[in-house]
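Q: Residues per chain, in single letters:
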Amino acid sequence: MGLDRIEQDGFLVTKLDAVINWARKNSLWPMPMGISCCAIEMMATASPRFDISRFGSEVMRFTPRQCDVMIVAGTVTYKMATVVRKIYDQMPDPKWVISMGACASSGGMFRSYSVVQGIDLFMPVDVYVAGCPPRPENLLNGLIELQRKVEEDRTLGKLIHGEKLHVNEAGQIERTAVAA
Amino acid sequence: MNDLIIQKLKEQFSQNVEATNEFRGDLTVQVKKNSLLKVGEFLKSDPDLAFDLIVDVFGIDMYRPEGRFEVVYNLYSLKNNKYLRLKIVVEEDDCSAPSVTGIWVGADWHERETYDMFGIKFTGHPDLRRLYMPEEYQHFPMRKDFPLMGIPDSIPLPRK
Chain A
161 MGLDRIEQDG FLVTKLDAVI NWARKNSLWP MPMGISCCAI EMMATASPRF DISRFGSEVM
221 RFTPRQCDVM IVAGTVTYKM ATVVRKIYDQ MPDPKWVISM GACASSGGMF RSYSVVQGID
281 LFMPVDVYVA GCPPRPENLL NGLIELQRKV EEDRTLGKLI HGEKLHVNEA GQIERTAVAA
Chain B
13 MNDLIIQKLK EQFSQNVEAT NEFRGDLTVQ VKKNSLLKVG EFLKSDPDLA FDLIVDVFGI
73 DMYRPEGRFE VVYNLYSLKN NKYLRLKIVV EEDDCSAPSV TGIWVGADWH ERETYDMFGI
133 KFTGHPDLRR LYMPEEYQHF PMRKDFPLMG IPDSIPLPRK
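Chains A and B, in that order, are what the protein sequence lines are.
Taking this note's numbering, the leading residue of the first sequence gets 161, the next gets one more, and so forth.
Taking this note's numbering, the leading residue of the second sequence gets 13, the next gets one more, and so forth.
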């Protein structure tokens with residue numbers, strides 16, 4: 161990009177979105193929503209062998225107020241759905257959701273009256289991770305996929321009243337509407 | 013030991029013992045519903061039998077016109093290292109059974125579970141609420157006429 165200019169002039173020109181997204185994607189703090197056996201694999205992902213801190217996500221916080229990404233790891237029953245949704249609602253924006261494993265993504269083997277057939281029936285999901293339970297490598301893969309998604313996010317344009325701002329050649333600000 | 017149990021029960025409750033069955037050393041005794049408390053009290057207090065532990069209580073939906081439900085009590089005697097299966101029949105139109113929590117306190121949550129799944133009301137239970145399903149839920153999932161995937165919209169999901 162302009163690394164040679166950093167050496168010469170001491171500054172760098174880039175898009176604000178790129179800087180914000182770069183910072184965001186490398187410190188995704190997870191909310192560990194460990195409900196059943198997938199949570200064991202999620203804990204293994206944080207262990208030294210797999211080491212989720214290589215991706216800046218080792219700070220598992222047990223309060224939703226400090227988290228960016230909720231990892232729903234396990235079977236969500238109808239009774240639990242209300243709780244999961246309540247915790248999701250308490251997380252500050254911007255926030256993302258990883259649906260870990262077959263149960264969270266589709267109800268899995270529990271085709272039954274008590275299990276929600278996929279958490280996307282009551283909350284938005286960004287990344288689905290396959291497996292029953294998924295290996296820690298697979299959860300890391302899901303995290304990397306999420307990082308790619310965060311990287312491409314156009315935060316600034318959306319933040320200002322659903323409009324994208326663009327400075328044209330005459331130096332005037334142009335506004336175009338963006339679907340929220 | 014099984015013969016002793018049958019003999020003692022028949023001495024005490026000849027009218028109320030409806031059937032006995034032995035399968036590979038496991039004894040099952042079916043008694044009349046209104047005599048359940050007396051039989052239970054006797055099985056626990058008799059010094060030779062001493063069935064002082066309740067292991068499990070559960071229901072069965074036989075799905076037949078008469079005697080639709082059964083309630084089964086698994087008892088255990090610590091003194092004799094002996095299990096006993098006590099059984100009663102509950103009719104659909106009188107869907108209740110006497111609570112044995114007065115005899116074995118441990119039956120409390122087992123009876124709540126049975127009520128939750130089959131809708132059998134245990135009269136005299138201290139706190140007969142649902143155990144698994146939401147309290148406002150209207151149906152009984154373990155009944156044979158309950159659909160596998162449940163009744164649509166019977167449990168509300170959070171708004172997306």
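Since the hints were derived computationally from the structure, they do not count as laboratory data.
A quick note: this is a predicted structure, and the numbers were derived from the prediction, not measured.
Yeah, the Cβ is synthetic: ideal placement off N, Cα and C, and Gly gets one too.
Certain hints may be false.
[To be verified] Computed cross-link-like contacts, DSS-like style, restricted to lysine-lysine with a CA-CA straight-line distance of at most 27 angstroms: (1) Lys255(A) with Lys91(B); (2) Lys22(B) with Lys50(B); (3) Lys133(B) with Lys172(B); (4) Lys99(B) with Lys56(B); (5) Lys22(B) with Lys94(B); (6) Lys91(B) with Lys56(B); (7) Lys50(B) with Lys239(A); (8) Lys239(A) with Lys99(B); (9) Lys44(B) with Lys133(B); (10) Lys309(A) with Lys172(B); (11) Lys44(B) with Lys172(B); (12) Lys44(B) with Lys22(B); (13) Lys172(B) with Lys156(B); (14) Lys246(A) with Lys172(B); (15) Lys20(B) with Lys91(B); (16) Lys239(A) with Lys172(B); (17) Lys133(B) with Lys156(B); (18) Lys156(B) with Lys94(B).
[Said to hold, decoys possible] In silico negatives: residues of chain A with every beta carbon more than 12 angstroms from chain B: (19) Phe171; (20) Asp211; (21) Arg221; (22) Thr223; (23) Arg225; (24) Ala241; (25) Val244; (26) Asp249; (27) Ile279; (28) Arg314; (29) Gln332; (30) Thr336.
Q: Taking 12 angstroms as the cut and beta carbons as the points, is Val244(A) off the interface with chain B?
A: Non-interface label fails for Val244(A): nearest chain B Cβ at 8 angstroms, not farther than 12 angstroms.
Q: Once the closest CB in chain B is found, is it more than 12 angstroms from Ala241(A)?
A: Ala241(A) is in fact no farther than 12 angstroms from some Cβ atom of chain B, at 6 angstroms.
Q: What's the verdict on Lys133(B) and Lys156(B), does the C-alpha distance respect the 27 angstroms limit or exceed it?
A: Distance ~18 angstroms between Lys133(B) and Lys156(B) Cα, so the pair holds.
Q: Can you confirm whether the C-alpha distance between Lys99(B) and Lys56(B) stays at or below 27 angstroms?
A: At roughly 16 angstroms apart (the allowed maximum being 27 angstroms), Lys56(B) and Lys99(B) satisfy the hint.
Q: Under the criterion that the straight-line Cα-Cα distance not exceed 27 angstroms, is the pair Lys239(A), Lys172(B) satisfied?
A: holds (16 angstroms)
Q: Does Lys44(B) pair with Lys172(B) here, judged by a C-alpha cut-off of 27 angstroms?
A: violated (51 angstroms)
Q: Just checking, Thr223(A) versus chain B, shortest CB gap more than 12 angstroms?
A: holds (20 angstroms)
Q: Taking the shortest Cβ-to-Cβ distance between Asp249(A) and chain B, state whether it exceeds 12 angstroms.
A: violated (8 angstroms)
Q: Assess, step by step, whether the Cα of Lys239(A) is no farther than 27 angstroms from the Cα of Lys99(B), and give holds or violated.
A: Violated, at roughly 32 angstroms.
Q: Compare the distance between the alpha carbons of Lys44(B) and Lys22(B) with 27 angstroms, and conclude whether the hinted pair is satisfied.
A: Roughly 13 angstroms separates the two Cα atoms, so the pair holds.
Q: Holds or violated: Lys246(A) with Lys172(B), Cα cutoff 27 angstroms?
A: Holds, at about 12 angstroms.
Q: Taking only the CA atoms, is the gap from Lys255(A) to Lys91(B) under or equal to 27 angstroms?
A: violated (59 angstroms)
The structure does not agree with the numbered hints 1, 3, 7, 8, 11, 13, 18, 24, 25, 26 and 27 stated previously, though it agrees with the rest.
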